Amino acid sequence: MSKSNPTDRLYSKDHEWVKDNGDGTAVVGITDYAQEMLTDIVFVELPPVGKKLAQGEPMAVVESVKSVSDVYAPVTGEIIAVNKTLEETPELINQDAFGEGWIAKLNLENVAELKSLLNAADYDALIKEEKH
Amino acid sequence: MELIFEISKPGRSTADVSASDVPIVNIDDVIGRQYLRNDLDLPEVAEIDLVRHYTNLSRRNFGVDLGFYPLGSCTMKYNPKINENVAALPGFTGLHPNASDEFAQGNLQLLYEMQKYLCGIFGMAEFTLQPAAGAHGELAGVMMIKKYFESKGQIRPTILIPDTAHGTNPASGALCGFDTITLRSNPEGGVDIEHLNSLMTEDVAGLMLTNPNTLGLFERNIEQVAQIVHSKGGLLYGDGANANAFLGKTRPGDLDFDVIQLNLHKTFATPHGGGGPGSGPVGVSEALVNYLPVPRIVKNESTYSWSANFPDTIGRVRAFYGNFNVIVKAYTYICSLGAEGLTRATEMAVLNANYIKEKLKPYYDLPYDRVCMHESVFSGNRQVAQSGVHTSDIAKRLIDFGYHPPTIYFPLIVPEAFMIEPTETESKETLDAFCDAMIAIAQEAKENPQRVKDAPLSTPVSRLDEVLAARKPDVCWKR
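Sequence order for the protein chains is R and G.
When we follow the numbering used here, the leftmost residue of the first sequence carries the number 1, and every step to the right adds one.
When we follow the numbering used here, the leftmost residue of the second sequence carries the number 133, and every step to the right adds one.
Derived from the structure by calculation, the hints contain no laboratory data.
The reader is advised that the hints may include incorrect statements.
Quick partial rundown of chain G residues pointing at chain R, CB under 10 Å, derived from the structure [what the hints assert, rightly or not]: (1) R169; (2) C308; (3) S524; (4) P537; (5) L544; (6) E598; (7) A602.
With a straight-line cut-off of 35 Å between C-alpha atoms, the simulated DSBU-like cross-links for lysine-lysine are [what the hints assert, rightly or not]: (8) K578(G) with K560(G); (9) K66(R) with K585(G); (10) K141(G) with K248(G); (11) K84(R) with K66(R); (12) K578(G) with K141(G); (13) K51(R) with K128(R); (14) K84(R) with K604(G); (15) K66(R) with K560(G); (16) K3(R) with K560(G); (17) K51(R) with K279(G); (18) K51(R) with K248(G); (19) K131(R) with K493(G); (20) K131(R) with K84(R); (21) K493(G) with K66(R); (22) K105(R) with K604(G).
Remember, predicted model here, so these are calculated numbers, not experimental data.
Idealized CB from N, CA, C, for every residue including glycine.
Work out the full structure, taking the sequences as your base and the hints as a guide.
See below:
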């Protein structure tokens, strides 16, 4: 069973989470539900620091035993840090998708975009629907 | 089993080479030190050990000559041995690829006739046999589509791909610089016509459609699909991967396809997988004939020659003209079956797939329950919910029963998918035995799920740790 979705962050329909740090930056990862669907992750392709992405553009690639999937930037911004430990230990996403398994940190370009994302309760409802 | 490197002993060899009576050349001088490796570390073994090693390896291999191989979407049909006999004739194998036209008349004639046969079978205006395999044919086909719009002065940046498509379709589109947009399937597994209507604009070069699609279902609205694409000036591309379902029954040209790429190694029974190279002919409608790759074979009265004199061509896509030997085998297949035989093979392929579908339906979920074509797609969802047995476990358990597992986890729109394509040559007894094995595994998944999860239990190599293998690959042998 997936872990419950923390209420301190927002979610995209493509199963990414965004945590607004309140200082103009945000941390992005994929949800626990996403990692559960992907099964064992074996490789993560991280974006280069400094890359500018528009909301919805492919940001990273996660490869599992089963499939290769794009991770989309849930908000527009510039990558300011990436989780390098995922290169050696991609399983961190499986173990702790909402914490140690974060993917990238970016500068928020347009805070208003956060309004287009889902809160934890809405995201709970979305995945409940997907399971049926 | 030991690796050939592990049985190596310094100084052992399969033959003694007598002393050379030509002057010795210093290899450093003729090749250059910088290009030479110090140590190749090749295995050194005696002939008997060499023979035993590879014979033992080959005995652990599995092929369609050993057993049932229902690998959906791959059309692993039996490869009749007459194809091999004909392709081995010295007139085919002995000709130098650079021989001039007048020395290659027989072979040119065969290629020319093959193109005409394919035009007849698929209803297209012209064919090229140049591409080396299916995905290469796709690329050549999409290049022609691109060139077609360029020469009309139209800029069309996108191409539509259904969510059931083979992964090579979006890849071919992207390689040609198109943005690919995913077209949804409707609940019956066909093209969502409303979605197609909303996506199809004059920015769209065309739609790449596999028909029947990878759910093994024939597109019921194909005429409407073609009409919508053409009404906006787009082109309809056909992926012929599933052509085994319609030979002799319908022709893509008659359904208004503008391009179709084939896989001779699937539909026309030439060996593939580990067994040989592919061959990916591409057929086009009148509108695209000028863009075909060069050289093309031209018939003049009673002789044949190469010509590159087609100014609108996309150019050459391969150094030589296709995988010739594969084309000879496919030509032989067409000649030995004839029009009636090809049609009958289609009927049997579809009948066999439906027989398996109906027999397994009570035991496994069938997400799209309608008459299928040459393959059917089940889901392991029921087994996952019942006892946590996944499709991959079922596939591995099948190996214990002596079968090559079907295609699994494809198409992507079916969770826990397994896709069974029996092909036309299998007897009722073989199909029954396979179904019995699948039914026994369904039973086992309920009663003794751990046994299925531990499979395969009878193979020389037990279940691999796929996650570890992918995360920490260890593929180079070190002494």
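>> Need the status of pair K131(R), K84(R): alpha-carbon distance at most 35 Å?
In response: Distance ~32 Å between K131(R) and K84(R) Cα, so the pair holds.
>> Min Cβ distance, E598(G) to chain R: is it shorter than 10 Å?
In response: 5 Å, holds
>> With the threshold set at 35 Å, check whether the alpha-carbon distance from K84(R) to K66(R) stays at or below it.
In response: 23 Å, holds
> Taking the closest Cβ pair, is R169(G) under 10 Å from chain R?
Replying inline: Hint violated; R169(G) Cβ to chain R Cβ min 30 Å, cut 10 Å.
> Given the hinted pair K578(G) and K560(G), is their alpha-carbon gap at most 35 Å?
Replying inline: Measuring from Cα to Cα gives roughly 27 Å; hence the hint holds.
>> Between the alpha carbons of K131(R) and K493(G), is the straight-line distance 35 Å or under?
In response: 23 Å, holds
> Are S524(G) and chain R close enough, Cβ to Cβ, to be under 10 Å, as the hint says?
Replying inline: 8 Å, holds
>> Can you confirm whether the C-alpha distance between K105(R) and K604(G) stays at or below 35 Å?
In response: Satisfied, since the Cα-Cα distance of roughly 27 Å is no more than 35 Å.
> Can we keep the L544(G) interface hint, with Cβ of chain R closer than 10 Å?
Replying inline: Hint holds; L544(G) Cβ to chain R Cβ min 7 Å, cut 10 Å.
> Within a Cα-Cα threshold of 35 Å, do K84(R) and K604(G) meet the stated pairing?
Replying inline: 17 Å, holds
>> Quick check on the hint: P537(G) CB to chain R CB, less than 10 Å?
In response: Hint on P537(G): violated, closest Cβ of chain R at ~15 Å, above 10 Å.
> Is it true that the CA of K51(R) sits at most 35 Å from the CA of K128(R)?
Replying inline: Judged against 35 Å, a Cα distance of about 34 Å means the pair holds.
Taken one by one, the earlier hints fail for this structure at numbers 1, 2, 4, 10, 12, 16 and 18, listed in ascending order.
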